Amino acid sequence: DPMLHEKMKIDPKYRSIGILGARTGAGPHIMAADEAVKATNTEIISIELPRDTKGGAGHGSLILFGAEEVSDARRAIEVALKELNRTFGDVYGNDAGHIELQYTARASYAINKAFGAPVGKAFGLIVGAPAAIGVLMSDVAVKTANVEVVGYGSPAGGTSYSNEVILQVTGDSGAVRQAVLAAKEVGVKLLEAMAGPAPSSTKPYI
Amino acid sequence: DPMLHEKMKIDPKYRSIGILGARTGAGPHIMAADEAVKATNTEIISIELPRDTKGGAGHGSLILFGAEEVSDARRAIEVALKELNRTFGDVYGNDAGHIELQYTARASYAINKAFGAPVGKAFGLIVGAPAAIGVLMSDVAVKTANVEVVGYGSPAGGTSYSNEVILQVTGDSGAVRQAVLAAKEVGVKLLEAMAGPAPSSTKPYI
Amino acid sequence: DPMLHEKMKIDPKYRSIGILGARTGAGPHIMAADEAVKATNTEIISIELPRDTKGGAGHGSLILFGAEEVSDARRAIEVALKELNRTFGDVYGNDAGHIELQYTARASYAINKAFGAPVGKAFGLIVGAPAAIGVLMSDVAVKTANVEVVGYGSPAGGTSYSNEVILQVTGDSGAVRQAVLAAKEVGVKLLEAMAGPAPSSTKPYI
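Chains as they are written, first to last, in the numbering used here: chain A, 5 to 210; chain B, 5 to 210; chain C, 5 to 210.
In short, the hints are calculated from the structure, not lab data.
Incorrect hints may have been included.
Intra- or inter-copy, both count: the list cannot distinguish identical chains.
[Said to hold, decoys possible] Calculated pairs, DSS-like style, for lysine-lysine (alpha carbon to alpha carbon, straight line, at most 27 Å):
(1) LYS86 with LYS147
(2) LYS193 with LYS86
(3) LYS125 with LYS11
(4) LYS11 with LYS193
(5) LYS147 with LYS13
Everything numeric in this text was worked out from a predicted model, so none of it was measured.
Construct the complete structure from the given sequences, taking the supplied hints into account.
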């Protein structure tokens with residue numbers, strides 16, 4: 005419907021829309037969407053970060069893919085759903101809060117849309133909740149390796165008022181991975197000091 | 005107090021204020037307020053949509069009525085409270101999320117204030133949470149009947165970062181009702197596919 | 005790291021940062037930070053108010069102190085943590101919501117940063133959640149004593165879409181204290197009428 009497309013700010017060239025949404029989790033979905041865009045003939049229309057009581061201190065997500073063919077939109081969702089198990093691998097949580105790490109050697113258009121990170125370069129995402137943990141993780145990350153800061157989100161800017169600090173870095177792939185892993189170490193330590201074991205949601209992948 | 009009224013942006017002509025608030029629910033309260041405005045000598049001062057952990061994926065509400073006489077403000081609240089049982093009738097939910105449908109053959113000033121919909125015309129409200137459900141419901145609604153889209157809200161715009169998509173339609177009363185009912189059907193189906201029965205909060209009225 | 009400091013908008017003169025964060029509570033933390041700033045050689049860099057599912061209808065907080073010496077930053081956090089027990093004293097809650105009252109005879113830089121209230125003057129904070137309670141408390145406060153309204157926050161402005169109304173007042177210290185206590189009385193009454201006893205979180209201090 006052209007009137008709805010206009011209100012949704014969707015380019016009419018997309019005849020088919022793929023929808024990826026969640027009540028809990030945004031980073032894992034963006035990373036999964038990034039692989040889906042690499043693997044299919046689709047584009048990212050929009051990435052939105054709702055707050056949801058199921059999301060604890062963090063975000064949910066609503067990601068729209070545009071495609072000219074229905075089969076492409078469907079394929080993008082299939083790829084993304086398959087990736088989610090992996091991209092939840094470095095989400096660690098307990099009653100005190102949660103942290104999240106993401107890493108890719110080559111960012112694509114979902115990461116670019118969500119964070120403004122350069123396409124084709126290594127990308128790292130560092131999230132800590134409550135926000136104070138994220139401040140400390142960010143500090144460790146940039147001191148550990150020579151990475152470039154793409155963005156920094158905190159409750160009042162760059163998040164939907166979530167209780168998170170979110171750092172995005174790019175640069176040499178080795179350095180980005182090293183920064184992410186150093187942030188993970190301090191983040192897990194802080195969570196565990198506050199409320200005991202903070203296990204991975206699935207299986208660490210970085 | 006004139007200083008407080010000024011900070012609250014309340015016209016000093018209102019000597020009495022009626023307050024309708026909730027931790028859970030915004031659409032039902034706006035629709036109920038709409039009936040209250042029709043039935044009393046009051047005006048809508050403001051409609052705000054807080055997020056609240058009691059509200060699940062959705063909004064709470066704060067609606068202020070202005071009146072010159074205390075008795076009018078009180079009467080507006082009485083009418084609104086009586087309407088709420090009805091306007092919660094097409095709110096359906098389960099553990100996966102919730103949907104909400106509202107319909108009136110003749111919108112009044114609360115609906116106009118909240119959504120910009122034209123006064124005196126039929127109005128339909130279609131809400132789906134998580135947001136992905138709302139996207140699909142919106143799509144079905146506009147394909148089913150010849151309605152005019154008044155507004156479209158999503159997590160990043162038109163909501164308070166809630167995990168909802170909210171569509172507002174106007175037009176011929178038969179078409180609006182048909183669009184709303186088609187959206188309801190697909191919304192209930194999606195919720196039930198994800199998490200079993202999704203009953204009405206009270207009793208369907210549309 | 006200069007790049008991170010720039011993204012965080014932190015003046016490079018601060019060689020050390022103190023971090024005070026919480027999942028539940030903002031007012032108590034701002035008041036505690038205010039005492040910390042009075043007592044140490046630090047400045048307030050930023051005060052942010054996240055929403056968090058642990059925060060019920062209200063906010064969490066992220067407060068950054070800047071200092072030239074590590075020992076000053078550490079001392080500020082120690083002072084603030086010690087104050088928190090007191091500043092939670094006039095937070096009252098039950099299942100219906102919560103209210104919060106704060107009072108100081110002499111506001112300092114944290115209160116100024118958070119609310120724009122004048123430094124060195126008496127300051128009172130009045131919070132009611134759900135927001136409807138805060139509207140009534142605000143009304144009583146300004147009618148009770150001759151205070152000046154510094155600010156008024158509601159779900160759509162001056163909060164992070166929380167379900168609260170927040171009034172800030174300044175003026176003569178006796179009047180401010182009187183306004184705050186009158187608001188407390190009506191707020192506790194409303195909460196208790198809705199859901200039974202609404203005890204203090206720690207011990208009332210005002």
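Each hint, compared with the structure:
1. LYS86 with LYS147: neither (34 Å within a copy, 31 Å between copies)
2. LYS193 with LYS86: Answer is between: at 24 Å across copies they meet the 27 Å cutoff, but 30 Å inside does not.
3. LYS125 with LYS11: Between. Shortest inter-copy distance 20 Å satisfies the 27 Å Cα cut-off; intra-copy 33 Å does not.
4. LYS11 with LYS193: Only across copies: LYS11 and LYS193 sit 25 Å apart there, 46 Å inside one copy, limit 27 Å.
5. LYS147 with LYS13: between (40 Å within a copy, 17 Å between copies)
In terms of the numbered hints stated before, the structure departs from hint 1 and from no other.
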